[in-house]
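Residues 1 to 278 (UniProt numbering) are what the sequence shown spells out, left to right.
Treat the hints with care, since some could be wrong.
[To be verified] Here are the simulated lysine to aspartate or glutamate pairs, EDC-like style, with alpha carbons at most 16 Å apart:
#	residue 1	residue 2
1	K143	E188
2	K193	E268
3	K2	E20
4	K84	E125
5	K7	D55
6	K242	E188
7	K144	D134
8	K144	E128
9	K33	E5
10	K143	E185
11	K81	E99
12	K193	E264
13	K7	E20
14	K190	E206
15	K144	E82
16	K203	D249
17	K184	E125
18	K137	E185
19	K84	D55
20	K242	D200
21	K7	E74
22	K144	E188
23	K2	D55
24	K7	E36
[Claimed, not checked] FRET-style restraints, in silico, Cβ to Cβ:
#	residue 1	residue 2	range
25	E268	A71	51 to 57 Å
26	P159	A238	40 to 46 Å
27	D96	K137	43 to 49 Å
28	I261	E206	21 to 27 Å
These are calculated hints, taken from the structure and not from any lab test.
Just so it is clear, CB atoms sit at the ideal spot from N, CA and C, and this is done for glycine as well.
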Amino acid sequence: MKVQELKFFIVSDSVGETAELVARAALSQFDFKNYEIRRYSFMSEPEQLLEMLTDAQPESTIILFTMVVPAMRELLMREIKERKLPAIDLMAGLMDVLEDRLCMKPKGEAGLIRKLDEQYFRRIEAIEFAVKYDDGKDPRGLKKADIVLIGISRTSKTPLSMYLAHRNIKVANVPLVPEVSPPKELFEVKPQKIIGLTTDPYKLIEIRKERIKALGLQDNANYASIQRIIEELEYADALMRKLGCPVIDVSARAVEESASIILEICREIGYEVGLLKG
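Let the hints inform the model, and build the full structure from the sequences given.
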């Protein structure tokens, strides 16, 4: 029977993000848009499960669950069977195989992966921070950042921000444009927290030309002219000198190499990333 709408209930005694990703990946294979995904995280009490199930309907609801606490998992499975609800246990098969191969019983404790890896939370926080304060979107983030990257367009500010975020470092970045004054908050940040990015003008021409092609613009745009690029680099260089911040040339460096240099600069000047604030 073809349904008009679907409701996915993602049920977990931890975060439930894995089950939600599976649901979205599966749905992406179908040309069907009328669906709703509800995530029920940290389900630790029987009352929570029973309340959640009152909204489930056999004809329109699919339950995906990752419950590892035995009592809660058994209760959910029993209720699902009684209510004739379509459901998928994403953990059961793998847990059974592991138990058989390892000749061990699972711990049956929710959220162990998070407890074992506290870095996970800091990494997610840093990634969200980098997205929120990318490309000068909100200058209020500059004073909250561990590192502030500044540079003209196409000097790897965003890729470096995201790479460092995966190292649990909160990074904000600010684009430098001669016609636009930098935010006043930038001058309130300690110089050791700011890293200037510069590059070879002729290499930048090629990068910007490729960017213009990708955007479908004319090849003779001022954005990729040598005169404009030199003007921008001179403006950025003067501002970086005024700020008194370290500067690195990203011309012939991969993002990983530039990130390593940034971290080394921080160590050399005694700035411990993530600890020094203000």
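Hints, one by one, checked against the model:
| no. | hint | verdict |
| --- | --- | --- |
| 1 | K143 / E188 | holds (7 Å) |
| 2 | K193 / E268 | holds (13 Å) |
| 3 | K2 / E20 | violated (23 Å) |
| 4 | K84 / E125 | violated (40 Å) |
| 5 | K7 / D55 | holds (10 Å) |
| 6 | K242 / E188 | holds (13 Å) |
| 7 | K144 / D134 | holds (13 Å) |
| 8 | K144 / E128 | holds (13 Å) |
| 9 | K33 / E5 | holds (8 Å) |
| 10 | K143 / E185 | holds (7 Å) |
| 11 | K81 / E99 | violated (25 Å) |
| 12 | K193 / E264 | holds (13 Å) |
| 13 | K7 / E20 | holds (12 Å) |
| 14 | K190 / E206 | violated (34 Å) |
| 15 | K144 / E82 | violated (52 Å) |
| 16 | K203 / D249 | holds (12 Å) |
| 17 | K184 / E125 | violated (25 Å) |
| 18 | K137 / E185 | holds (13 Å) |
| 19 | K84 / D55 | holds (13 Å) |
| 20 | K242 / D200 | violated (21 Å) |
| 21 | K7 / E74 | violated (22 Å) |
| 22 | K144 / E188 | holds (11 Å) |
| 23 | K2 / D55 | violated (20 Å) |
| 24 | K7 / E36 | holds (5 Å) |
| 25 | E268 / A71: 51 to 57 Å | holds (55 Å) |
| 26 | P159 / A238: 40 to 46 Å | violated (25 Å) |
| 27 | D96 / K137: 43 to 49 Å | holds (47 Å) |
| 28 | I261 / E206: 21 to 27 Å | holds (22 Å) |
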